Amino acid sequence: MAKIVGGINVTHVPYIGRAIANNLQQDEYWKPFFDGFPPIHDWLAKVKPDVAVVIYNDHGLNFFLDKMPTFSVGAAPEYQNADEGWGIPTLPPYKGDLDLSWHMIESLIEAEFDITTCQEMLVDHAFTLPLELLWPNQKQCPMRTVPVCVNTVQFPLPTAARCFNFGRAIGKAIESWESDARVVVIGTGGLSHQLDGQRAGFINKEFDLMFMEKLVNDPLWVTRYSVPDLVELTGTQGVELLNWLTMRGTLPGDVSLIHSNYHIPISNTAAGLMAMAAE
Amino acid sequence: MAKIVGGINVTHVPYIGRAIANNLQQDEYWKPFFDGFPPIHDWLAKVKPDVAVVIYNDHGLNFFLDKMPTFSVGAAPEYQNADEGWGIPTLPPYKGDLDLSWHMIESLIEAEFDITTCQEMLVDHAFTLPLELLWPNQKQCPMRTVPVCVNTVQFPLPTAARCFNFGRAIGKAIESWESDARVVVIGTGGLSHQLDGQRAGFINKEFDLMFMEKLVNDPLWVTRYSVPDLVELTGTQGVELLNWLTMRGTLPGDVSLIHSNYHIPISNTAAGLMAMAAE
Amino acid sequence: MSTTRQKRVIPGTTIFDGDQARKGYALNKMCFSFNSADNRAEFLKDKEGYCAKFHLTPEQTEAVLSLNVLKMIAAGGNAYFLAKLGGIFGLDMQDIGAQQTGMTKEAFKAKLVEAGKN
Amino acid sequence: MSTTRQKRVIPGTTIFDGDQARKGYALNKMCFSFNSADNRAEFLKDKEGYCAKFHLTPEQTEAVLSLNVLKMIAAGGNAYFLAKLGGIFGLDMQDIGAQQTGMTKEAFKAKLVEAGKN
Ligand SMILES: [Fe+3]
Ligand SMILES: [Fe+3]
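Residue numbers (our numbering), protein chains in the order written: chain X, 1 to 279; chain Y, 1 to 279; chain W, 1 to 118; chain E, 1 to 118.
Next up, chain X with everything else stripped away, as it sits in the complex:
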């Protein structure tokens, strides 16, 4: 059976793409963010995953409001990045893992998650940048991948409890996959930020730090909050932390924190990073 080696949560602001393209990693503005990664690179070199399941939200590249799924799972041989409207150069395609995709789809529907299956799928910055940050300076990402999208665009969003349980079902699916592959799960987005409205620029450091702390040993803590609570506490885009929570749900048993980092601001966002090893 496949093994989940652990999980990583990381912010996905588009702006990061520009910093990488222009080699700004050691600039004053960017250093506190990029310096979070080397310990996680070391851990990845040690646990050697073959496949990355990436849990993120699409920002209007692959999905529009005509067909907006709550949860969707990719099942394509390859995933293309594409222009999101800013004319930023697109990244090379990502290898899929069709065996894992279909095994997950079968397990998730059996477990009564009503997913949308995507046999063709464009992946946006929320998928590409975390992979770029975690496996830097490569011509093409060395992982096989399975994209999983959570709707954080069109309200109502799935509840925190539903997301955690969705993560649990993904974890069980991976662990019941007849393969000797080593799998890392990545959740992207957040932490607190709000792009729109008179409250634009809202950040909540206190909540973010509590959330990161609880996520290790008491992840159900966050399920006490409704989605509107989470908007109030973390901002209209801060709710992307649902992707972090879904990732955490995938990890079986107890976890140990490998490394974490938190820095304000990157663009309008509180930038968080956490890696956890599965026991």
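What the hints contain is simulated information worked out from the structure, not anything from laboratory work.
Treat the numbers as computed from the prediction; the structure is a model and nothing was measured.
Hints may be right or wrong, so weigh each one.
What the hints assert, rightly or not - In silico BS3-like links for lysine-lysine, alpha-carbon gap of 25 Å or less:
{"hint": "1", "chain 1": "X", "residue 1": "LYS205", "chain 2": "E", "residue 2": "LYS109"}
{"hint": "2", "chain 1": "X", "residue 1": "LYS172", "chain 2": "W", "residue 2": "LYS7"}
{"hint": "3", "chain 1": "W", "residue 1": "LYS23", "chain 2": "W", "residue 2": "LYS53"}
{"hint": "4", "chain 1": "Y", "residue 1": "LYS95", "chain 2": "E", "residue 2": "LYS23"}
{"hint": "5", "chain 1": "E", "residue 1": "LYS111", "chain 2": "X", "residue 2": "LYS31"}
{"hint": "6", "chain 1": "X", "residue 1": "LYS95", "chain 2": "W", "residue 2": "LYS29"}
As the list claims (entries may be wrong) - So the derived label-pair ranges between C-beta atoms look like this:
{"hint": "7", "chain 1": "X", "residue 1": "GLU206", "chain 2": "E", "residue 2": "HIS55", "range": "30 to 38 Å"}
{"hint": "8", "chain 1": "Y", "residue 1": "THR223", "chain 2": "X", "residue 2": "GLU206", "range": "41 to 49 Å"}
{"hint": "9", "chain 1": "Y", "residue 1": "ALA82", "chain 2": "E", "residue 2": "LYS105", "range": "44 to 52 Å"}
Think of the CB as a built atom: it goes at the ideal place given N, C-alpha and C, for glycine as much as any other residue.
Given the structure of chain X, go ahead and fit chains Y, W and E with the ligands onto it with the hints provided.
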């Protein structure tokens, strides 16, 4: 609060469209099928619904395999019919009911159904023909409508139990809608038929009649069967009976059978029809 | 490359699962394009070229050109999408049923009527 | 016509719920089209004509032409889609944040830095 007056299940073979267009209702081939409807027309005239929630499966008009939802709910002001590949004339647009659509969407996500919301949606013969059969000879269908799609195309399909519970959640959503509207729920498709393979033409009268009988007072009977069981028992397209089961789930409390009809064959299909009044 | 789950065997029946979907994606995508009358006309003008445009495998192209439904299914075709291809040639569901079962259309229709009598 | 549920009020914040989505569909669909460079060029050539092509309301068109983000949100615009419109004009998230909060860009950036210090 809105009231569910009852539910209707009916076959949706495209061929029926041609019979209506050519006025063949009283021809020898079609008479046993069309004669099933007048008692249901009488019942509808008595219970006077304002809105029809139509539970069906898309046949590759609105959805392709690039984005194939398990469950989807329409939220458009109007739904267009369109060419499905056979060049049959398209029917006039159907009025939506945005208030009910969004109320259902909010309730269903809260109840942990991971639906796809469709703010633009083409409706195929599985939606249009049942409305045509139930409200014949009208310029435009007099109901406001909410389309609900169940995936019966790409396996794995949702289990029978999941479909029944999805129906239950739809029923609760309708009944908690602050409106004085009267709602009829329609499930379309089936009964036993298989279009593809060496077993094409397979029909299972015994199972269909048992299913129709159980659907009134013991609908959970069918949840003893897995989806592959249902394919074996009813054919590759016979699994469209999941739409019937979903409809049955929406009806609160006990139901009484208004009328039913069963005739073999219409095209390659065992044609079923049932109307049930909610208490 | 395929799922390792044990599959249910139902004689004469192909379940359109992930394995079928993987094989048949290009073929089904071509059939989906036949919702448009323009695309149907383009296909009829140059069938082989149209198949190539959708990157069909040789096996799929051969099945389409010979209008062999069982071969299309073996190549990953899904009944709901294939029906749109059948429609281009004016084939109804009894034509397609007869072809797959190796019966005459009359015999196939008689078999359907018979199913109502038991 | 709107949902009858009681809504959570969060000052300075619009939740993109069904009511917003109903109002904003045309505007958001136009913004979604800006994933394509050709469409962005077409919009820049004739902004008003491009808005009309997507059937924007007068209120939406006015908000787009004046590049007023708060008005776009009031007219049903969603932040994720509106960002694609902002990108056309080279606006970054601090420009957009400053405009909405009535601050200078420098003050808005200082406010963000401040949030890291408490
Ligand atoms: Fe984001
Ligand atoms: Fe059907």
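*Provide an ascending list of the numbers of those earlier hints which the structure does not satisfy.*
7
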